[in-house]
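For the record, the sequence lines run as chains A and B.
The opening residue of the first sequence carries number 94 in the working numbering; numbering runs sequentially from there.
The opening residue of the second sequence carries number 94 in the working numbering; numbering runs sequentially from there.
FYI, nobody ran anything at the bench for these hints, they're computed from the structure.
A portion of the hints provided could be inaccurate.
Remember, identical chains collapse to one label, so a pair may be satisfied in a single copy or spanning two.
Claimed, not checked - When the alpha-carbon atoms are kept at most 16 Å apart in a straight line, the in silico EDC-like pairs for lysine to aspartate or glutamate are as follows:
no.: 1; residue 1: Lys357; residue 2: Glu247
no.: 2; residue 1: Lys430; residue 2: Glu276
no.: 3; residue 1: Lys212; residue 2: Glu193
no.: 4; residue 1: Lys430; residue 2: Asp133
no.: 5; residue 1: Lys357; residue 2: Asp402
no.: 6; residue 1: Lys357; residue 2: Asp312
no.: 7; residue 1: Lys357; residue 2: Glu244
These figures come from a predicted structure and were not determined experimentally.
There are 2 protein chains.
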Amino acid sequence: MKKYILLSIAFTFLLIISCKKENSNQIENVTIETEVTESDPLPSWNEGATKSAIMDFVSDVSNSESQNFIPIADRIATFDNDGNLWSEQPAYFQLFFAIERVKALASEHPEWQTTQPFKSVLEDDMKTLASFGEHGLLELVMASHSGMTTEEFEQIVTDWLATAKHPRFDKPYNELVYQPMLELLDYLRANDFKTFIVSGGGIEFMRPWVNEVYGIPTDQVVGSSIATEFDYNNGNPVIRRLPKLDFIDDKEGKPIGINKYIGKKPVFASGNSDGDLQMLQYTDSNSYPSFQLYLHHTDSVREWAYDRDSHIGKLDKGLDEANEKGWTIIDMKNDWKVIYPFQLN
Amino acid sequence: MKKYILLSIAFTFLLIISCKKENSNQIENVTIETEVTESDPLPSWNEGATKSAIMDFVSDVSNSESQNFIPIADRIATFDNDGNLWSEQPAYFQLFFAIERVKALASEHPEWQTTQPFKSVLEDDMKTLASFGEHGLLELVMASHSGMTTEEFEQIVTDWLATAKHPRFDKPYNELVYQPMLELLDYLRANDFKTFIVSGGGIEFMRPWVNEVYGIPTDQVVGSSIATEFDYNNGNPVIRRLPKLDFIDDKEGKPIGINKYIGKKPVFASGNSDGDLQMLQYTDSNSYPSFQLYLHHTDSVREWAYDRDSHIGKLDKGLDEANEKGWTIIDMKNDWKVIYPFQLN
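Same shape as in the complex, but just chain A (with noise of 0.2 Å):
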């Protein structure tokens, strides 16, 4: 449910949000110039002291003389997604998903016209959909996330991120995703370290796009998930999405999805909210010399900057132990020499 509760709260943020796009296109016209060198395999990443961590950590387990080496098949890393492969503001990309599915299926459901919490996404009232909190919430993505087979489940989050548009930016969802962090998960690739995502987010929801934005194949997906049904359907047989939770992959569901899907204790986690702590608690346990990231939203202008008190991406436990522990923290503003790919020339 902790998901949920997250989501709820990102709900209270969209209304601030709902009628007004924000005008900060001007970014994506600078032409961000960044020394790509052969020898550097981060070039997004301004040098200082979280590239060289990250660089020294990889180059010391993949070097097979070196008393920290890491054998290839334990060469494990997982990356949270909301905010940390991609943006996760103004509300967690997801939850636009879901209101405009609402909206796309309500010719499909007459009776939402008058059930609420549907009524008040369909008449725009997000004041009012937001006094349905948690609950209604629930409603909404199990409304919109169910009922259909896996497969047109699969069409209908492609068709949507060929079509929506994030409203700052005016570009496809799908494109807001961190360019550092995209040579990152290359780097280690690289390096043979094997790349997982572990989100809070929809695991479905996740796997139309992220092999082709990611380079991160289906099966090495971990988010959270509803009940499915086999249907033998008279010789066709489909999966069919049933309005029912079956896992929620946040706090300690992450150290517990990882031992479910991945069945290894990673070597190598990055994440950016309290969402992620646990994660990276266990993957500092491991036997192995381990390396745990955190990125702070930093960047008031050319992304977010947000840490402590929001409501969306909350970064605050996280943040203290990553400095008892000495944890890398990310500097978005000072350590990303660009933020989106479509920055780059």
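Please arrange chain B on chain A, whose structure you already have, making use of the hints.
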């Protein structure tokens, strides 16, 4: 619960064999000569329709000039384990493990001396044990597979495999794997298929050894599971195994598990029982060309012969459907030159 119904029936069968060891070790003294040529990726398979069907399919879909070409990212191959990659007679190997675990744990559980079904196990009273049926068996499995951390359980499985011996062959259980299937796994991977196990057996019972034996990493194993919890454990986080079912990866559970863990429909599926039928049906519905493979246990001398009436690995509906749909059926006796790796010279 279906898995446990099967296990329960297996228990009854176990009664029959529990007091005698079969005397068939002569097989391992026979030197099997297999002609290994550079050009033959399946040297332990006799020439014939089965081998040709497999190789024709793989060559065709791997050929970028073919109209049946399948992109590498979609070359998903799923294999059942019990009775398909290793033997499952005279009872599922995990059942031998559960019984041995109950005996090993008995000193920590003095109450088991007087509590059924544990009392029967400790007294080797298989007749009374069987009388508790499915519920009793479930109690055994839960008691013997939970309560410890995942790392402790991994060590227990590893230690068991290092010491326990199969009653007929007097070999460690994970040497009772099928040499021809090892070659098939290698052959598929050489053609850029990603190979997965999709088994009704316990996922964490398989993970400790399948990479070494089958070349399949832990994150490519789908199986039945029990629930777990995250325990921060004063800064030494662990995942603790709970006496509660999480997922049964059998029959309808197999396509559900494939969708949950892999997120893609396979193009190649291999099984040996009615428990694999839904996985083969699901694979058969792929829009790409696909291959369905049933292993028919027909070798009463070198392994075991069983199908429609067997309590373990029953192959009845699956055999009919395979014949109807023209799926490929391995005739173990005639298609395989050798059964186990230790029979190779």
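### Task
Classify it for me, lysine 357 with glutamate 244: is the Cα-Cα distance of at most 16 Å met within a copy, between copies, both or neither?
Answer is between; shortest inter-copy Cα gap is 10 Å, intra-copy 29 Å.
### Task
Pop the pair lysine 357 and glutamate 247 into one bin, within, between, both or neither, using alpha-carbon distances up to 16 Å.
between (28 Å within a copy, 11 Å between copies)
### Message
One pair to classify: lysine 212 and glutamate 193, alpha carbons no more than 16 Å apart. Within, between, both, or neither?
### Response
Answer is within; shortest intra-copy Cα gap is 13 Å, inter-copy 59 Å.
### Query
Can you tell me if lysine 357 and aspartate 402 fall within 16 Å by alpha carbon in one copy, between copies, both or neither?
Intra 33 Å, inter 39 Å, cutoff 16 Å: neither.
### Query
Given identical chains, is lysine 357 near aspartate 312, meaning Cα to Cα at most 16 Å, within a copy, between copies, both, or neither?
both (15 Å within a copy, 8 Å between copies)
### Query
With identical chains treated as interchangeable, where does the CA-CA distance between lysine 430 and aspartate 133 reach 16 Å or less: within a copy, between copies, both, or neither?
within (14 Å within a copy, 53 Å between copies)
#### Entry: Intra- versus inter-subunit Cα pairing at 16 Å for lysine 430 with glutamate 276
Within one copy only: 12 Å inside, 49 Å across.
Hint 5 from the earlier list is the only one contradicted by this structure; the remaining hints agree with it.
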